[in-house]
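> Sequence:
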Amino acid sequence: MSSRHRSERFERGLKIRREVLGDAHVDRSLDAATDFTWPAQEIATEKAWCDLWSRPGLDRKSRSILTLGVLAVMNRPQEFKAHVRGAINNGVTVAELQEILMHLGGYAGFPVALDSFRLAGEVLKDMGLA
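Oh and the sequence shown: position 110 is 170 in the working numbering, straight run, nothing missing.
Source of the hints: derived by calculation from the structure; they are not laboratory data.
Accuracy of the hints is not assured; some may be wrong.
[Said to hold, decoys possible] Calculated cross-link-like contacts (lysine to aspartate or glutamate; reagent style EDC-like; alpha-carbon spacing at most 16 Å):
#	residue 1	residue 2
1	K141	E182
2	K121	E156
3	K121	D91
Model the full assembly from the supplied sequences, consistent with the hints where possible.
Take a look at the structure:
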């Protein structure tokens, strides 16, 4: 990774990405990147984490809640699990997470909510919160 170009925007995004998702998750993602997949890491870090997550219009907790809903509906389990951890890191309580997932069931369907509960439960257990 050290030989790969890391722009100022990448470094700013990386700081936010680490604050939200945690060093271990980010390190695993970056360490697993190949020459082929590195551009995806680069654009996600610059566009999503630098450009979007640093905007002043929403706080990080609100962004996390919105992101959980979108990822659940899009059926993206790996990203959903990463963002459950991020939501907890951004101040979402376990009780709030439960309500978020229940709310998802009403709007996106209970299969979405049930999968989301299962995935979130795995993360909460890993974090020592379940």
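> I'd like to know which numbered hints this structure contradicts. Please list them from smallest to largest.
Hint 3 contradicted; others consistent.
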